[in-house]
Amino acid sequence: MPRVPSAAAAHIGKRIAAARASRGVTQDWLAVESGIDSSNIRGYESGRAMVSVHTLMRIADALDVPPGDLLDGLTLDLFDEVAARRQKAG
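Residue 76 in our numbering is what sits at position 76 of the sequence shown, and the numbering runs on without skipping anything.
The hints are simulated quantities; they were obtained by calculation from the structure and are not laboratory data. Some hints here could point you the wrong way.
[As the list claims (entries may be wrong)] DEER-style ranges, computed between Cβ atoms: (1) D77 / R23: 23 to 31 angstroms; (2) L76 / D37: 26 to 34 angstroms; (3) P67 / V32: 13 to 21 angstroms; (4) L76 / W29: 30 to 38 angstroms; (5) P66 / W29: 17 to 25 angstroms; (6) E33 / D80: 24 to 32 angstroms; (7) H54 / D80: 28 to 36 angstroms; (8) D77 / T26: 30 to 38 angstroms.
Note that CB positions come from ideal geometry on N, CA and C, so glycine has one too.
With these hints in hand, go ahead and build the complete structure from the sequences.
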């Protein structure tokens, strides 16, 4: 997991936090329901860590939302390495 937050990680984290908040549940509840350590949930929601596809599926299942909802609005430009590559080329 990257130590430096990326815009993509932050975007997904905000979507997870919003979905969790709309259900009115805590990070600890989400951790228990998804089987993911609460410190990891905090890391994902803060954008300090990038969630894997498998973990995203577990979180979406626990929150009873389609996984795509947690990715809505995600673009390639939000990934640091893509943005850097485009900046060098352009």
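Here is what the structure says about each hint:
Judged by the Cβ atoms, the range 23 to 31 angstroms given for D77 and R23 holds: they are separated by roughly 29 angstroms. For the hinted restraint 26 to 34 angstroms between L76 and D37, the CB-CB distance of approximately 29 angstroms keeps it satisfied. Taken as a hint, the range 13 to 21 angstroms holds for the pair P67 and V32, whose Cβ atoms sit roughly 20 angstroms apart. At about 33 angstroms, the CB distance of L76 to W29 agrees with the hint of 30 to 38 angstroms.
The hinted window of 17 to 25 angstroms between P66 and W29 holds, with their beta carbons roughly 20 angstroms apart. The beta-carbon spacing between E33 and D80, approximately 31 angstroms, falls within the hinted interval of 24 to 32 angstroms. Under the hint 28 to 36 angstroms, the C-beta atoms of H54 and D80, about 22 angstroms apart, miss the expected range. At about 32 angstroms, the beta-carbon gap between D77 and T26 stays in the expected band of 30 to 38 angstroms.
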